[in-house]
Amino acid sequence: MCDHHDTLRSNNQDFQEIEKQLDRRHFLKKTSLGIGALALGSLLGGEKAWASVGNSGKTVNNFTRNKLGLPHHLPKAKRIIYLFQSGGPSQLDLFDYKPGLVDMFGKDLPESVIGGQRLTGMSGSQSTLPVAPSIFNFKQYGESRAWVSELMPHTAEIVDDLCFVKSMQTDQINHTPAVTFMQTGHQLPGRPSIGSWLSYGLGSDNENLPTFITLISKNGTGQPLKAGLWGNGFLPTEHQGVQFRSGKDPVLYLNNPDNYDGNDRKKMLDYLGKLNSIQQDAYGDPEIQSRMAQYEMAFRMQTSIPEVTDTKDEPEHIFDMYGKDSRDPGTYAANCLMARKLLEKGVKFVQLYHQGWDQHIGCPNGVKFKAKQTDQATAALIKDLKQRGMLEDTLVVWGGEFGRTVYSQGQLTKENYGRDHHPKAFTMWMAGAGIKPGFTYGETDDFSYNVTENPVHVHDFHATLLHLFGVDHERLTFKHQGRRFRLTDVHGHVVKDILT
Amino acid sequence: MQEVSDFVLFLGRFHPLVVHLPIGFLMFALVLELVERFTKNAALSAAVPIALLAGAISAALACILGYMLSLSGDYNEDMLNGHFWFGIGTTLIAFFAWLVKADKLSIKPLQKAKPNMALLTVMVILLSVTGHYGGNLTHGEDYLVKYAPFREKKEPLPQLAKLEDATVYPYLIQPVFEAKCTSCHNDSKKKGGLAMHTFEELLKGGENGPIVMAGDLEQSELFKRITLPEDHEDVMPPEGKTPLTEEETALVKFWIESAQGNQETTLGSVEVPEEVLQIAAGRLGFAAEGSGGHGTSESLPTAAPLDVAQLNELKTKGFGVRELVDGSGLLEITLEDNSITTENLNEWEKHFILLAPLQKQILWLDLGGNTLSEKMVQQIAQFENLRKLVLDNTTITDAQVQQLSALQQLESLNIYNTGVGDDVISSLTQMPNLQKVYMWRTKITPEAISSLGSESKLQVITGT
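Protein chains in written order, with our numbering: chain A, 1 to 500; chain B, 1 to 464.
No lab work stands behind these hints: they were computed from the structure.
Where a beta carbon is used, it is the ideal one built from N, C-alpha and C, also for glycine.
Where hints are given, some of them may not hold.
[What the hints assert, rightly or not] Where chain A lies over chain B, by a calculated footprint (3+ residues, C-beta under 8 Å):
1. 40–51
2. 318–326
[As the list claims (entries may be wrong)] Only pairs whose alpha carbons sit at most 25 Å apart, straight line, appear in this in silico DSS-like list of lysine-lysine:
3. A:K436 with B:K457
4. A:K76 with B:K360
5. B:K436 with A:K436
6. A:K383 with B:K241
7. B:K360 with A:K496
8. B:K241 with A:K496
9. B:K241 with A:K479
10. A:K383 with B:K360
The shape of chain A in the complex, shown without the other chains:
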């Protein structure tokens, strides 16, 4: 057995031999990129200057001018919760009311509407594309007279706080590229996600918690989600989203195992930190710094996470507001409630996912089921943030990766239809910080198929989101493989009409 001494055992000969075995990649990195690493190191050093203190999450310190020159302008938003409805919710059955379709029931969708668009392989070969009007009733609500279907009775109560964008457009027609596009600005995996860009650009508001957290409703069905959607891409690793488990223990192994009091853990981590510093000195790889930062974060999370994820102290009426699911950890409702707590503690970006909005068949039942799982908690979240004054500087986003077709995929009956993917028009809503409340932007044609007024592309959505955080989307860049990348690539316009 080796005994523990304070001197580092890495100074023995074996260890040094291993260190000498530089592989080709490291050799090139060390020699040709050494200067680059130095520069990056100083960049990271610059970010350190913003590190915050304390643990309630309000105390932020970034007055040392950072190299990125952010924020570019006065922000409206301090934090965001993105309620991602994965699969592509049917705008036709929820928000985009098209009463004229009733008369078109079962008729073939005119080619003039489709306009030569390429359909998916799932419905593209159908002999007819029969128009399927929504079977659900729509009504107007609030002072803003927004149309909402009967599936979303709770959302209907808060329409005066929401800004519906009915003219969303994406380039992608299939789930994986479309979700990836929505979350990273590019259809191929590998780019940083929105949350990573914000973490990189604006830093942390609470050093005891991750800046960017992902929550996924448990027992999700349908298209899988993958970690790249909240990945950091080429940004330093500490900016990636931290995924919480959907269940009772959002982060595992926070508690000490039986018969271990945890007293020497700090010592162990300090020792590990020393080892890592030696590696850092030898290789100058900024990823080693990231790793050290993450170990330290994990240590602090042992105390900060139980405090923030424990909803025991929430009063009855709050649970009632979020619905009975909110007592069942890992559900959408419980995640919404936890998201509010995380935001209160200074987490900048909470990314929620709720899967299963992919109603190719049995659309009416499917959408109804999904709406029931999410509607009450979504509305409760808005109300809860509002009454606490947090909606003032919290941005809330609701939406999926694309919309659904007006025509039925598969057989159309009076009670049943399916809907295929549709990228050319879909509905999202935003609320809170700097967004016009009780407002509807953009219009679609009579078939909710083409945008007829004020199209908002995914790039425009990203540009607007960054704008609300005081970031000019053209000026937040990161140089990688010889080119400067940004979330909006070479596109994107801030949609000023929806800003207060």
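Please arrange chain B on chain A, whose structure you already have, making use of the hints.
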């Protein structure tokens, strides 16, 4: 000026390459000589003449190539002269030193005075001076000491009260030129006969005449060159240097086209396209938002630059400090819940005094979850530019809200879960910019809220 053949210029460009050979050889000769003296290693002595001869020959070659390069006319004549003569001097001394060291030449009266050492020392001094002049010619005079410690920094332009007051050239254009152009177009290095480090020089133009024609983009060589495709032979900045960004190009375009290419035009005196306005606002630290769809550009108050020591002190006391717009000096101040309690109230009153110098700079303040004293509230009431104030779960009272009604810029006030009641309504109406008040879990009654009338733009949020 007579035409210089391209081939001569081609050779001339090898000067910066070759010039490093004599520097190395001659320096090394001195090193050898010194080591020989101290170690008494006579073998080294044999190497000195070789180093000197190689140095002298390469120096002569460098002189010839240097002369060829100077024919391009790209360099400041005065500085060039210095470099020229010192270079020739160094070369001659190097030959002389070789002759002496190699015993080809012996000057009796000098023998006693250790001629080798003296000659070598003089030679290296000359060499250094020559090299320094050469460096200045290539990189510009302030290259060497630009980042030197204790160097006086250039006087910054005065802070602007309004974006409209900004003169286009000094505030927006000159910084672009300094970043992208003046390293080659300055007093000492005038590529193409053009210097851009002062406005007067810029107006003179280059060897082909003026480069800026007010109001006429097509006739302005400057604009033409910076907008050429990047693989074009004449593009500026040339290949290998950082090109102007789209924003910078847009600014230059605006300056020539609309701002008459002069020094005096201000943003307020001409019509400014929205794009340019936004760029200018961003660069000069004004909020870039607010233009276009939602009203005229919202102007932010100007603030003194941040004093890091002062802010660090705030931080050590427990305040959170964040600059809201980079470089603006405008701040968000936050405080942890339960930092101030009845026990440490006196101590915190002292900490609050630290905020006094910042009272015009604080735009957002969050003291939620803390105990507040009279004095603290009085002080908050002095934060004249405060826009967002969060005092939820505090000990704030109706009377204290009345004091806060002095906050004329306040837009949002959060006093949820406090003991305030209906009396706050009259105080709230005294704040002309107030739009939202969060009053969930207070004693406010629906009657008091309805007394505001339907005309009021003030929104009282009481929750569910």
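Taking the hints in turn, this is what the structure says about them:
no., hint, verdict
1, 40–51, "violated (count 0)"
2, 318–326, "holds (count 9)"
3, A:K436 with B:K457, "15 Å, holds"
4, A:K76 with B:K360, "20 Å, holds"
5, B:K436 with A:K436, "14 Å, holds"
6, A:K383 with B:K241, "54 Å, violated"
7, B:K360 with A:K496, "29 Å, violated"
8, B:K241 with A:K496, "36 Å, violated"
9, B:K241 with A:K479, "17 Å, holds"
10, A:K383 with B:K360, "34 Å, violated"
Checked against the numbered hints given earlier, the structure breaks hints 1, 6, 7, 8, 10 and satisfies all the rest.
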